[in-house]
Amino acid sequence: MSWRASSGLRSWLFQRLSAAYILLFLLYALGSWINATTINYPAWRAWVAHPVINIALLMFVFALLLHMWVGGRDIAMDYLKPLLLRYVALIGFAVSLLAMAFLSMRILFTVTGP
Amino acid sequence: MTPTNRPVFLNLFLIRQPVTAVVSILHRLSGVLLILLVPLLLYTFDHSLKSEAGFAEVMQLLQSTPMKLLGLLLVWALAHHLLAGVRFLLLDMHLGVDKPAARRNAWLVHLGAIAIVVLVAGSLF
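Keeping their order, the protein sequence lines are chains A and B.
Just so you know, my numbering puts 104 at position 104 of the first sequence, and the rest follows in order with no gaps.
Just so you know, my numbering puts 78 at position 78 of the second sequence, and the rest follows in order with no gaps.
Read the hints as simulated data drawn from the structure, not as lab findings.
Note that the Cβ used here is the ideal one computed from N, Cα and C, for glycine as well.
One should not assume that every hint holds.
[To be verified] What the simulated footprint calls covered on chain B by chain A, stretch by stretch (three residues with Cβ under 8 Å from a Cβ of chain A suffice, anywhere in the stretch; the number is not a length):
1. 21 to 32
2. 36 to 50
3. 84 to 96
Given only the sequences and the hints, what does the whole structure look like? Please build it.
Dropping the structure here:
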């Protein structure tokens, strides 16, 4: 099956893969936060700026945005029948997701250590 | 097939829905809620990292009662979406597909999500 003929399959796969990464990251993050000994600004910055956490966090954001896109697109396709409305909603949604992706990169790349 | 004029009854609110249908539509609803909350969460995240004062403001905000209630809504949305999502993943692998099992694990999703909300509420209040 070509990718063109199976775009539904690709969405399904990306949704599941992104969900798996989101779940794993959330479990790790919740574990870290619950077990944190010091909760202050320098400790928070240090956690976010840590090279491994920083990249894993950025990947989490990308996985989340991709997951949101697949889900949101399904909803637009199910509930928005007039074509113009659907296009405007999908394009607006895609642009906001892109903006959030770049904003997240900016946030995460400008956090330096404590 | 020639078009007929047979009556159609599709008022979803008047049809008694099985528990599996409720789990599914709440999965979609919680998804929409989460989509709407993500920009807010991103802004809060950014604000907490920008300055010592920003961090203090966010910590302060998280202690306020209206924010705790919003937080619980977020926790329910995440818990239900996550548990219902895992149930869907299992269904993809043909686990829990037959009707009695499907009904049972649908109830588990409902109860699991509520249990998580109660646990978090317990530690917040």
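Structure versus earlier hints - violations, ascending order: No hint contradicted; all consistent.
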